[in-house]
Amino acid sequence: MKGPPIPTEASFTSPARHEALTARVGTWLGIAFGLCFLTGLISHWYYLYDAPLTPPTRPVIGYRITQGVHVLSGIAAIPLLLVKLWSVYPKLFAAVPLGKARDLVLHLLERASIAVLVAAGIFQLVIGLANYTQWYPWSFSFRPTHYAVAWIAIGALVVHIAVKLPIIRAAYAEKLSEPVVEETRETASYGGPSRRTILRTALLASGVAVLAAAGGTVPWLRKVSVFAVRTGEGPQGVPINKSAEAAGVTTTAREAGFRITFVNGDREQSLSRDQLTAMTQRTHDLPIACVEGWSAAATWTGVRLSALLDLVDAPHDATMRVTSLQQGGAFGVTEITSGFARDPLTLLALQLNGQDLSIDHGFPCRLIAPNRPGVFQTKWVTRIEVVT
Amino acid sequence: MRLRLLIGAVGVAMGLFGALRFVQLDFPDIVNATLWLAGGVIVHDGILAPLTLAVVVLATRALAPRLRTAVTAGLVVLATVTVTAIPVLGSWGAREDNPTLLDRNYVLGWVVFAALVLLATAGAALRAVPPAGDSAGHDDEQQTHGTEEDAS
Numbered sequence: 001m002k003g004p005p006i007p008t009e010a011s012f013t014s015p016a017r018h019e020a021l022t023a024r025v026g027t028w029l030g031i032a033f034g035l036c037f038l039t040g041l042i043s044h045w046y047y048l049y050d051a052p053l054t055p056p057t058r059p060v061i062g063y064r065i066t067q068g069v070h071v072l073s074g075i076a077a078i079p080l081l082l083v084k085l086w087s088v089y090p091k092l093f094a095a096v097p098l099g100k101a102r103d104l105v106l107h108l109l110e111r112a113s114i115a116v117l118v119a120a121g122i123f124q125l126v127i128g129l130a131n132y133t134q135w136y137p138w139s140f141s142f143r144p145t146h147y148a149v150a151w152i153a154i155g156a157l158v159v160h161i162a163v164k165l166p167i168i169r170a171a172y173a174e175k176l177s178e179p180v181v182e183e184t185r186e187t188a189s190y191g192g193p194s195r196r197t198i199l200r201t202a203l204l205a206s207g208v209a210v211l212a213a214a215g216g217t218v219p220w221l222r223k224v225s226v227f228a229v230r231t232g233e234g235p236q237g238v239p240i241n242k243s244a245e246a247a248g249v250t251t252t253a254r255e256a257g258f259r260i261t262f263v264n265g266d267r268e269q270s271l272s273r274d275q276l277t278a279m280t281q282r283t284h285d286l287p288i289a290c291v292e293g294w295s296a297a298a299t300w301t302g303v304r305l306s307a308l309l310d311l312v313d314a315p316h317d318a319t320m321r322v323t324s325l326q327q328g329g330a331f332g333v334t335e336i337t338s339g340f341a342r343d344p345l346t347l348l349a350l351q352l353n354g355q356d357l358s359i360d361h362g363f364p365c366r367l368i369a370p371n372r373p374g375v376f377q378t379k380w381v382t383r384i385e386v387v388t
Numbered sequence: 001m002r003l004r005l006l007i008g009a010v011g012v013a014m015g016l017f018g019a020l021r022f023v024q025l026d027f028p029d030i031v032n033a034t035l036w037l038a039g040g041v042i043v044h045d046g047i048l049a050p051l052t053l054a055v056v057v058l059a060t061r062a063l064a065p066r067l068r069t070a071v072t073a074g075l076v077v078l079a080t081v082t083v084t085a086i087p088v089l090g091s092w093g094a095r096e097d098n099p100t101l102l103d104r105n106y107v108l109g110w111v112v113f114a115a116l117v118l119l120a121t122a123g124a125a126l127r128a129v130p131p132a133g134d135s136a137g138h139d140d141e142q143q144t145h146g147t148e149e150d151a152s
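Those protein sequence lines, which keep their order, are chains A and B.
According to my numbering, the first sequence is numbered sequentially starting from 1.
According to my numbering, the second sequence is numbered sequentially starting from 1.
Simulated from the structure, these hints should not be mistaken for lab results.
Nothing here was measured: the structure is a model prediction, and the numbers come from that model.
Worth double-checking, as some hints may not be accurate.
[Claimed, not checked] Straight-line alpha carbon distances no greater than 20 Å define the calculated SDA-like cross-link-like pairs of lysine to any residue that follow:
hint	chain 1	residue 1	chain 2	residue 2
1	A	Lys-223	B	Ala-115
2	A	Lys-164	B	Ala-13
3	A	Lys-91	B	Leu-51
4	A	Lys-164	B	Ala-9
5	A	Lys-223	B	Asp-103
6	A	Lys-164	B	Ile-42
7	A	Lys-91	B	Val-56
8	A	Lys-223	B	Ile-42
9	A	Lys-91	A	Pro-7
10	A	Lys-91	B	Ile-42
[Stated by the list, open to error] Here are a few chain B residues that sit away from chain A, every Cβ distance over 10 Å (derived from the structure):
hint	residue
11	Ile-47
12	Leu-58
13	Ala-122
14	Leu-126
Quick reminder that beta carbons are idealized off the backbone N, C-alpha and C, glycines included.
Based on the provided sequences and hints, a complete structural model is requested.
Below you can see the structure in the form of structure tokens.
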């Protein structure tokens with residue numbers, strides 16, 4: 001039995017494939033990748049405990065916006081990447097120049113850089129897309145891997161732009177809808193979409209994909225976002241990421257003897273929820289914005305964290321360690337730097353949207369700070385101590 | 001040329017920084033992530049792209065030239081947006097203890113989405129003027145001869 005012949009670059013005859021199209025789709029894809037990379041770096045910054053500079057506490061909705069852009073620019077990139085790869089697919093079958101050693105080496109180097117770019121690009125989009133639905137069908141640790149491969153992808157992209165710069169320039173010098181110069185038999189009967197139509201279709205698909213997903217973070221799009229991971233509904237009008245059951249706190253969080261303890265060296269102060277309620281209550285509108293790209297505006301009421309830290313005379317520049325009742329998980333114990341801990345808007349919240357916190361939202365008390373990823377807005381807080 | 005070398009050097013440095021981070025991951029993570037890195041390329045180049053070409057060949061045979069633009073655009077939107085919806089359509093991340101996660105009827109949403117694409121495609125196809133002689137559809141047909149091979 002004879003298999004089908006291996007295609008060569010010339011086997012692909014569609015006149016729609018052309019650098020004029022590839023360069024333009026590539027530009028949009030590059031913008032999406034660039035946005036995704038930069039907002040990803042911002043998100044990564046929040047997770048660094050040893051960063052020389054800590055993220056700012058303003059604007060309050062900063063992380064809500066940057067992480068929303070991160071997830072949505074990644075989604076926008078998917079249709080663009082698929083069309084881009086379609087437009088250059090014949091290159092996969094291009095002849096390898098075996099004549100001159102120099103040509104061969106350059107050719108293989110370029111192929112290697114493209115292989116890295118395609119592999120890293122697809123990888124980032126696929127694992128990001130799965131992660132945003134809290135689906136983890138792999139065994140590697142997501143955050144360090146996504147971060148490392150992001151640099152590989154963006155580095156390979158920059159190399160790719162450097163290699164292709166003359167072609168990109170020539171492609172932009174050419175109009176997308178260059179008139180027919182010479183008709184071959186194939187093109188005369190082509191009748192398919194023009195390059196301009198394909199570019200517009202790719203952008204349309206990209207926009208539709210964004211609209212279909214954006215409702216998880218843009219409330220007025222909820223009705224049209226048929227593929228949004230969250231409707232925005234939940235207990236007390238706010239979705240949750242980790243339930244009390246998943247955190248293993250359904251008993252401990254309800255115990256009558258619950259106390260939250262503030263520690264500064266050998267100074268300790270334990271308070272019951274009633275004692276917290278008896279203190280000066282403040283109400284702030286602060287969004288909850290998660291790394292998965294969903295977010296929600298909410299009204300929180302509770303005690304200013306700074307006032308509680310003063311009970312044990314915690315230094316104003318001290319980083320605090322926050323411990324949750326939560327069992328397991330990487331974020332049961334986190335740190336809050338002084339900028340966030342001492343911000344006047346940062347609360348140890350007791351109420352959400354006018355009602356006592358539900359257990360899934362962190363009853364008896366939780367942290368809520370401006371411009372911070374949701375995973376650091378620790379629920380079921382039981383201990384806050386000065387890091388020495 | 002110097003600009004290109006500079007940009008290239010910046011790219012190599014960024015990529016090497018990432019590679020350094022990558023090789024510092026735990027060894028089992030490196031192995032698993034490498035499988036996923038290769039898997040993405042294999043699934044695209046080995047399955048998705050040939051499948052797309054097969055659909056193009058079939059559609060070209062089945063469709064009159066004047067319908068091809070509308071149908072292609074419709075299929076591109078339908079297919080690529082559906083790819084972005086795979087994780088919600090499968091809802092593999094759903095958890096019984098968290099009803100606020102993956103809380104839509106995504107299959108129904110997809111049916112509505114597909115119906116809208118179908119409607120738009122049908123509308124565009126109906127508006128497409130049948131070819132009358134040589135001039136028809138030239139807005140949508142550009143071809144620069146011999147361009148496929150000069151981009152290596």
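Looking at the structure, which of the earlier hints fail to hold?
6, 8
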